[in-house]
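Protein chains: 2
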Amino acid sequence: MSNVRGSMIIRPWGVGIWERVQEELGGRIKDSGAQNAYFPLLIPLSYIANEADHVKGFAKEMAIVTHSRIKVEDDELQLDGKLDEPLVIRPTSETIIGTSMARWISSHRDLPMVINQWANVMRWEMRPRIFLRTAEFLWQEGHGAFASKHEAVENTIKIIEMYKQFVEGCLAVPVISGEKPESERFPGAVRTLCIEAMMQDGKALQAGTSHYLGQNFSKAANIKFQSEEGLERFAYTTSWGVSTRLIGALIMVHGDDYGLKIPPKIAPIQVVILPLIRKSTTEENLSILMTYCEELANRITNEKFDGKKISVEISRSKHRSVDTKWRWIKKGVPLILEIGNREASNKTVTVINRSEVSERPLTINLNQFLNDIEKTLSSIQENYFNQAKMNFEKNSCSNVITVPQLITQITKRGGFVQAHWNGDESIIQELSNHGISIRCIMPSMEKEKIGTCISSGQDTSQIAIFAKAY
Amino acid sequence: MSNVRGSMIIRPWGVGIWERVQEELGGRIKDSGAQNAYFPLLIPLSYIANEADHVKGFAKEMAIVTHSRIKVEDDELQLDGKLDEPLVIRPTSETIIGTSMARWISSHRDLPMVINQWANVMRWEMRPRIFLRTAEFLWQEGHGAFASKHEAVENTIKIIEMYKQFVEGCLAVPVISGEKPESERFPGAVRTLCIEAMMQDGKALQAGTSHYLGQNFSKAANIKFQSEEGLERFAYTTSWGVSTRLIGALIMVHGDDYGLKIPPKIAPIQVVILPLIRKSTTEENLSILMTYCEELANRITNEKFDGKKISVEISRSKHRSVDTKWRWIKKGVPLILEIGNREASNKTVTVINRSEVSERPLTINLNQFLNDIEKTLSSIQENYFNQAKMNFEKNSCSNVITVPQLITQITKRGGFVQAHWNGDESIIQELSNHGISIRCIMPSMEKEKIGTCISSGQDTSQIAIFAKAY
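Protein chains in written order, with the numbering used here: chain E, 1 to 470; chain P, 1 to 470.
Treat the hints with caution; some may be incorrect.
It does not matter which identical chain is used: a pair holds within one copy or between any two.
[Said to hold, decoys possible] Calculated pairs, DSS-like style, for lysine-lysine (alpha carbon to alpha carbon, straight line, at most 27 Å):
| hint | residue 1 | residue 2 |
| --- | --- | --- |
| 1 | K468 | K60 |
| 2 | K82 | K60 |
| 3 | K30 | K325 |
| 4 | K318 | K219 |
| 5 | K224 | K158 |
| 6 | K164 | K304 |
| 7 | K71 | K60 |
| 8 | K309 | K30 |
| 9 | K468 | K449 |
FYI, nobody ran anything at the bench for these hints, they're computed from the structure.
Chain E extracted, bound-state conformation (with noise of 0.2 Å):
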């Protein structure tokens, strides 16, 4: 955290996580068909005045611009150039790329209209928690706009399979995907999917969304486009997003006693060559040492992992080689290489594995490494994905049938519980008296299994995901 309540410094290691989820999930976005644009920072209050709706549901806590100009009276800094308009911070920036789609939209040939962006956005936090709930956060907002419904709600479920995929894949994070009963939806929104991971404290933290909006916001915001019968239409649109809280995922998901834990297909760096150079070794030596670590190295860049160029590094850090070695597993570098003279006259590497980091590290032969080495990757991803996924099924529960028990089993054991839910609302202000939402709705099965509904008692086939949540 920064000194600025609520805001997060992200370092480089953060940042480097960051830019690979925006490699990764913008290569798959692109591939959607969306095009990245950017807007302004700064939006009109009037824009937020147009939609009631948004204000009263989320959008209260705002950073607002008043002023334009500092000015030195008296050898102090005052306030000058009160704007006639206050500004806000965006939050999210639905209504500024609304305006624009109305702007750019005219006939159903400018339709499909998917637009993408990366930003900064901004939400007073009452309880910031880095990475999780901060002020100024980074993320991705996707705004589609459609001519017809179908193709909206195609492009919403498209868009979260995509995020799943992506979470689970690149980040090894298991996460359930459903639909926000209307009590949890975004407001306007006339469907809103969404993905749920469970951390290892068995909370859940939603991890992504994609809302379908219907013609609420193409009418909100003028988007009209003549169909090809000539006909005024107002486009049906969608809007989704992911966040910097995914490398707060990561760190919940993945961390253990050393740090964190990173995943090698989202790992800025997969390997550090670490040479151990002592206050003895002589200059000979020295270059001897990092002639193999330069090697080393180009050997490594030309093997491939996840159909990339493997990233490696070698340190050049003037701090204690032990030092330097647990801040890289602290970071969760998934391979560090030590790399002492033996190591460079035996043409040996010895490794230090993340996912197995208790364990005594092995000298190998230089090229029995290289050839191993992606396998050596594939499995540390598979081993972190495969150990969050016992831990969701660990803390998963589905034989609950009464309100009570539910209550008990999520308060005393936390994790997440299955159950029937047909909708019936009843029940959810004394579940959120216990600090339990309803994450989401399953998605209905081709076979469906009738059971009793949890709050009403009727039978359903619905099946809901209950838990706390972050």
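Dock chain P against the given chain E, drawing on the hints supplied.
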């Protein structure tokens, strides 16, 4: 421009160019030893107050946040949650990064530390102009801390050379690099190096700066370290940046009557494949056409330019082909391939080369086109640079010897004037009255040529560049 005064919307093609800048320049910045980090958008006013020089220098126009809440009263939005201390939207992150560095650095072993940030910043502009002067803009700011003056100066120079190579090599914009006279220096800087580009109208545009700050900022921010000898020392710091104004430079240097011309090395898309679909095109012909376009795209992607895969897009626009073609010409994509059924049956391509757009497009054999594509893109890149360089030289003059001659030359003919100048500042006000400034002092050459200072009449070997500037 958007509806918020002085703020711009960057549409997908502009963001695409900026993303290419981030990739190309970002890679060089990392190679130079900097690490990316991210710091808060909002800075406490007291940080700004600590930097009194700073404030007097340039940062009077700033966006100031005073409230954290909006409430609805009598159906009207009202400001609420007045902050104890106003917060400023970063005009630069100098102070907040300095504060963090002071915390992160304790020993000479922590140095050098070079942090780079890609971010949005805000300076209220009185005369906004898209991409050149906007209230909000995107930039990168690098901040380095070093144990010795020598290393810090070396970093300052290395970075300005990196900028020059990038701007000339990728953007095809010739620049002159030099040092700002004291009157034009960044407040608090000991030395300010810069690159200056010339627009087609002969005016200068500062395209990047690199500052050596001595110990001025480290003393203000308390960036201290324990030296190898165990003594407490202040670090020597640098800072440097380029912004989205580079996109402005691109537009103004290469544009012609048809629109933009984006050099292939920085174009988000290098080749657009435009299927010529008519209302009369049969299903069967459409299928043959699209199959050929896909084949074409695959084969082009397998070719390389500048060491990377060539980027290609098949136009899926539903607008008329001729409109789509002109839209791409206006955007300045280097190559457009018009593909009709004739091309599909003959395995040919009809090539619109943006650098010779007024000429009749040639239809050539596909294999020949692929064989030459790297050469074709290279020659477009070279062609843009050479045209800009010719304009640069045509509008440069070095034969004026008096101030009135200099003023007449620049006022009547524009362009850059090179003249001997020994640093005597008495000339500056008069030049400024004519909108002329000293853009930079040229780096001293090995073989100095003594001449007469245009201001003082004394002998000097120092040469300066004079021009009007954006």
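Consistency of the hints with the structure:
Within a single copy, K468 and K60 get their C-alpha atoms as close as 24 Å, which meets the 27 Å cut-off; across copies the closest is 47 Å, which misses it. When the C-alpha separation of K82 and K60 is checked against a cutoff of 27 Å, the pair qualifies both within a copy, at 22 Å, and between copies, at 14 Å. Taking identical chains as interchangeable, the C-alpha atoms of K30 and K325 lie at most 27 Å apart only when they sit on different chains, with a minimum of 22 Å there against 38 Å within one chain. Within a single copy, K318 and K219 get their C-alpha atoms only as close as 61 Å, which misses the 27 Å cut-off; across copies the closest is 24 Å, which meets it.
Taking the closest pair of Cα atoms, K224 and K158 come within 27 Å of each other only inside a single copy of the chain (24 Å); across copies the shortest separation is 52 Å, beyond that limit. For a Cα distance limit of 27 Å, the shortest separation of K164 from K304 inside one copy, 24 Å, qualifies, whereas the shortest one across copies, 33 Å, does not. Taking CA atoms no more than 27 Å apart as the test, K71 paired with K60 passes between copies only; the shortest distance there is 7 Å, against 30 Å inside one copy. When the C-alpha separation of K309 and K30 is checked against a cutoff of 27 Å, the pair qualifies both within a copy, at 22 Å, and between copies, at 17 Å.
In this assembly of identical chains, the alpha carbons of K468 and K449 lie at most 27 Å apart only when taken from the same copy (26 Å versus 77 Å across copies).
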